[in-house]
Amino acid sequence: MFRRLLSFASFALLASAARYPSYGTLQTTNSSGVLNVVINNTFSSVNLFDEHVMSDLANLIETLQANDTDIHVVVFSSGNKDFFLDHFDVNYFFPGYASPLPIFDGGIPTMLFPVAILWNITQLPQATIAVIEGRARGVGNEFLMSCDMRFASTSPSVLLGQLETSFGSNPGAGGAMYLAQQIGRGRTFEYVLSSTDVDALTAEYIGWINCAFDTADALHAYVDALAKRIALFPLAGIAGTKQGINAASRPGLDVIVQDAQDVILRLEARPEVLAFTEKFLAATNNQSIGPVELNYGEEVPKLYN
Amino acid sequence: MFRRLLSFASFALLASAARYPSYGTLQTTNSSGVLNVVINNTFSSVNLFDEHVMSDLANLIETLQANDTDIHVVVFSSGNKDFFLDHFDVNYFFPGYASPLPIFDGGIPTMLFPVAILWNITQLPQATIAVIEGRARGVGNEFLMSCDMRFASTSPSVLLGQLETSFGSNPGAGGAMYLAQQIGRGRTFEYVLSSTDVDALTAEYIGWINCAFDTADALHAYVDALAKRIALFPLAGIAGTKQGINAASRPGLDVIVQDAQDVILRLEARPEVLAFTEKFLAATNNQSIGPVELNYGEEVPKLYN
Amino acid sequence: MFRRLLSFASFALLASAARYPSYGTLQTTNSSGVLNVVINNTFSSVNLFDEHVMSDLANLIETLQANDTDIHVVVFSSGNKDFFLDHFDVNYFFPGYASPLPIFDGGIPTMLFPVAILWNITQLPQATIAVIEGRARGVGNEFLMSCDMRFASTSPSVLLGQLETSFGSNPGAGGAMYLAQQIGRGRTFEYVLSSTDVDALTAEYIGWINCAFDTADALHAYVDALAKRIALFPLAGIAGTKQGINAASRPGLDVIVQDAQDVILRLEARPEVLAFTEKFLAATNNQSIGPVELNYGEEVPKLYN
Numbered sequence: 145m146f147r148r149l150l151s152f153a154s155f156a157l158l159a160s161a162a163r164y165p166s167y168g169t170l171q172t173t174n175s176s177g178v179l180n181v182v183i184n185n186t187f188s189s190v191n192l193f194d195e196h197v198m199s200d201l202a203n204l205i206e207t208l209q210a211n212d213t214d215i216h217v218v219v220f221s222s223g224n225k226d227f228f229l230d231h232f233d234v235n236y237f238f239p240g241y242a243s244p245l246p247i248f249d250g251g252i253p254t255m256l257f258p259v260a261i262l263w264n265i266t267q268l269p270q271a272t273i274a275v276i277e278g279r280a281r282g283v284g285n286e287f288l289m290s291c292d293m294r295f296a297s298t299s300p301s302v303l304l305g306q307l308e309t310s311f312g313s314n315p316g317a318g319g320a321m322y323l324a325q326q327i328g329r330g331r332t333f334e335y336v337l338s339s340t341d342v343d344a345l346t347a348e349y350i351g352w353i354n355c356a357f358d359t360a361d362a363l364h365a366y367v368d369a370l371a372k373r374i375a376l377f378p379l380a381g382i383a384g385t386k387q388g389i390n391a392a393s394r395p396g397l398d399v400i401v402q403d404a405q406d407v408i409l410r411l412e413a414r415p416e417v418l419a420f421t422e423k424f425l426a427a428t429n430n431q432s433i434g435p436v437e438l439n440y441g442e443e444v445p446k447l448y449n
Numbered sequence: 145m146f147r148r149l150l151s152f153a154s155f156a157l158l159a160s161a162a163r164y165p166s167y168g169t170l171q172t173t174n175s176s177g178v179l180n181v182v183i184n185n186t187f188s189s190v191n192l193f194d195e196h197v198m199s200d201l202a203n204l205i206e207t208l209q210a211n212d213t214d215i216h217v218v219v220f221s222s223g224n225k226d227f228f229l230d231h232f233d234v235n236y237f238f239p240g241y242a243s244p245l246p247i248f249d250g251g252i253p254t255m256l257f258p259v260a261i262l263w264n265i266t267q268l269p270q271a272t273i274a275v276i277e278g279r280a281r282g283v284g285n286e287f288l289m290s291c292d293m294r295f296a297s298t299s300p301s302v303l304l305g306q307l308e309t310s311f312g313s314n315p316g317a318g319g320a321m322y323l324a325q326q327i328g329r330g331r332t333f334e335y336v337l338s339s340t341d342v343d344a345l346t347a348e349y350i351g352w353i354n355c356a357f358d359t360a361d362a363l364h365a366y367v368d369a370l371a372k373r374i375a376l377f378p379l380a381g382i383a384g385t386k387q388g389i390n391a392a393s394r395p396g397l398d399v400i401v402q403d404a405q406d407v408i409l410r411l412e413a414r415p416e417v418l419a420f421t422e423k424f425l426a427a428t429n430n431q432s433i434g435p436v437e438l439n440y441g442e443e444v445p446k447l448y449n
Numbered sequence: 145m146f147r148r149l150l151s152f153a154s155f156a157l158l159a160s161a162a163r164y165p166s167y168g169t170l171q172t173t174n175s176s177g178v179l180n181v182v183i184n185n186t187f188s189s190v191n192l193f194d195e196h197v198m199s200d201l202a203n204l205i206e207t208l209q210a211n212d213t214d215i216h217v218v219v220f221s222s223g224n225k226d227f228f229l230d231h232f233d234v235n236y237f238f239p240g241y242a243s244p245l246p247i248f249d250g251g252i253p254t255m256l257f258p259v260a261i262l263w264n265i266t267q268l269p270q271a272t273i274a275v276i277e278g279r280a281r282g283v284g285n286e287f288l289m290s291c292d293m294r295f296a297s298t299s300p301s302v303l304l305g306q307l308e309t310s311f312g313s314n315p316g317a318g319g320a321m322y323l324a325q326q327i328g329r330g331r332t333f334e335y336v337l338s339s340t341d342v343d344a345l346t347a348e349y350i351g352w353i354n355c356a357f358d359t360a361d362a363l364h365a366y367v368d369a370l371a372k373r374i375a376l377f378p379l380a381g382i383a384g385t386k387q388g389i390n391a392a393s394r395p396g397l398d399v400i401v402q403d404a405q406d407v408i409l410r411l412e413a414r415p416e417v418l419a420f421t422e423k424f425l426a427a428t429n430n431q432s433i434g435p436v437e438l439n440y441g442e443e444v445p446k447l448y449n
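Protein chains in written order, with my numbering: chain A, 145 to 449; chain B, 145 to 449; chain C, 145 to 449.
Since the hints were made in silico from the structure, they are not lab data.
Note that this is a predicted model, so its numbers are computed, not measured.
Be aware that one or more of the hints could be misleading.
[Claimed, not checked] Taking lysine-lysine and the BS3-like style, the derived pairs with C-alpha atoms no more than 27 angstroms apart in a straight line are:
no.	chain 1	residue 1	chain 2	residue 2
1	A	446	A	423
2	B	423	C	372
3	B	225	B	446
4	B	225	A	446
5	B	446	B	423
6	C	372	C	225
7	B	225	B	372
8	C	372	B	446
9	A	423	B	372
10	C	423	A	372
11	C	446	A	372
Only chain A is shown next, with the shape it has when bound in the complex:
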């Protein structure tokens, strides 16, 4: 009886500290109301959005949802100089892939776990800012879109894109929907349907990101000052202001489920998608750093030869 109670208490403590396995892919420092989060997936040379990153992000989200005192702003940056955050681990789509994570979200039962991570980020009471150095494609760009603000350097390593259409699939977590709200229907179709890469200056010009800075120093100085400034203000006001802007500018949860998530579930099962995915895995040596991951926008037509 004592053992059973102890066991239950330990489980509760563990769940409170971290509901999902921890992999150390997110390094956090907290100062003056700003939580800096460095994304560094040491299991992947391309900072893949895989089960390790998802598990750590899900834990971070629970911590932030529960924090109503000392954290007012969250700044996401990357520990990988080439990849801010890369696409989804495509092994996920093959039969037999085992993940320690649930298929659907506990809080939003209609949403797949990965899709809910991005939705939950938009719902955080804190302001969220992405500092982009390196590539962000596929769900990596959808993650950017789920943040409140996005700033980049003009380094040639900054390349943004949704690559799903080139796989015969679609941006399944709603990223193209967010993009259309910012850059308009026409340019969204141009960049997303062609699965091409967009550089930082173009991204600023069309509104994909807030601003591109000539140097990394200028980028970090601007974001640091912005984050510290917002962190001065009461969290309730930040959350209340976010509620209004989100209500007017974010696709509805049901729209994301019906017109992005359910579409990708249908498309991913198609033989042509699985065949291209296998070709992609071979060409990238299972999503490792190399020409195809670095320059996907240029390389993808060759994969169709």
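The hints should help you fit chains B and C onto chain A, whose structure is shown.
Structure of chains B and C alone, referenced to chain A:
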């Protein structure tokens, strides 16, 4: 009995080939998954959006809806150097005008046939691109808006606009709604309420079109490459990606019917609108090429003198 | 009995002329279908959006709603060289503040009277244009957003912003929602959450305003010509065109109530908001012209020291 069966079979074949009369205003060539469609209304010096073009577009749409194999991208350009596609044939609004086309769409019974043409274009599984050389006003611009992407040359012959307000009417097929999603509420009101013309560089700056190119060669080279690239990718993925972007960025069918189509039906019956329309028909020699059709933005105030 | 009838008749006449008290803060001139309205709150050195301006605006709106003949366009400008229209009179939020105006709108019972003023402006049949010289913050900027079009000079006195988050509150009349439709979710979060000031050139670049002009002369010349041009066209067509664009680009009435107005009602009662408001009132000598009102974007961090 045999004759009856034969007759039925012929009818079915005819319906499958072309449900509506064919006028040859659309010249098509198909290559590498890209269907190039040149709009050339030989019944009109201004490439009028009249019953001939509508009939041919409706047939084209049925062909594309049924095609799930060799066509992945449709590129619309114009065979008239001055007019990409001009406004609606305003004779349509006068009592006694007889059209071979239905009043309402067969598939969407709440939508007028012309309005449904544009809606159906947004619903095509294929990617659609407009290559703009020459003017596109009124429903001509609404047609542009219903395409997924829009590219233009900076030629002075490129002039875009919604001219309906100057008639005392409104953009009845939803074009101003699409525009507002791309260029914002404020600029949409500026250009649409004033019924003015917008040139290609301004159109790019504000996001009305994707991009303006300095030369026709650069325009065509870019669109050709873009179309061929998208055509590499599976049609199901193109269609699935379109579903998500449309869900987030396109006005709903009911909104178009209630707040654009039903409004124009009410306004077109007003004496002041019919009076101005008659003035316009006289000034343009029934919508023929000349100063008013070429420079409507500049000429319209004179029509109010 | 006669006295009672007379009394009733007088009341009806008064109500028809002006339902609310008149304070003379709006100077109007009417010419060629254009009503020019100069906002000049002589009760305030910062052109405060207070009960005087609200009362006069509410009366103006009723006049315009009833006018279907000679006024087709309304142009709002300012009689205060430093402030186009400043924020809400924050005394309103303290217990015991007495206003001659109703709490809720008569026509839209779910909307607070000030919020309904802005909503009703979007619903006017006339085209509305704001000519911005001087600052517009908080509800002043929300007023700008509720107009159809916004033009500014590049004078350094033009500074736009939503300052509510710095008070621990939110833009409660929907202004940030309108902004998000024009400049996108990301840039809206940047400027609104930081409660910073935006200058005219930046505002044009990102789409917050239609256009910034180098000189006041150029600004007025452009708007005069635009207003006169639109005023040529029938009012029914202007109103019908507005209906469609609003339907596609304006947040719904219920969304404004639920995600802006109801949020501010909840937040304004928080002790931290009232404490900052008192600090602000002291620093501005009850909202008088001075460093804090003139340069709020720069001054606000000091108020948190």
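Tested hints:
no. : hint             : verdict
1   : A:446 with A:423 : holds, 11 angstroms
2   : B:423 with C:372 : holds, 21 angstroms
3   : B:225 with B:446 : holds, 26 angstroms
4   : B:225 with A:446 : violated, 36 angstroms
5   : B:446 with B:423 : holds, 11 angstroms
6   : C:372 with C:225 : holds, 24 angstroms
7   : B:225 with B:372 : holds, 24 angstroms
8   : C:372 with B:446 : holds, 13 angstroms
9   : A:423 with B:372 : holds, 21 angstroms
10  : C:423 with A:372 : holds, 21 angstroms
11  : C:446 with A:372 : holds, 13 angstroms
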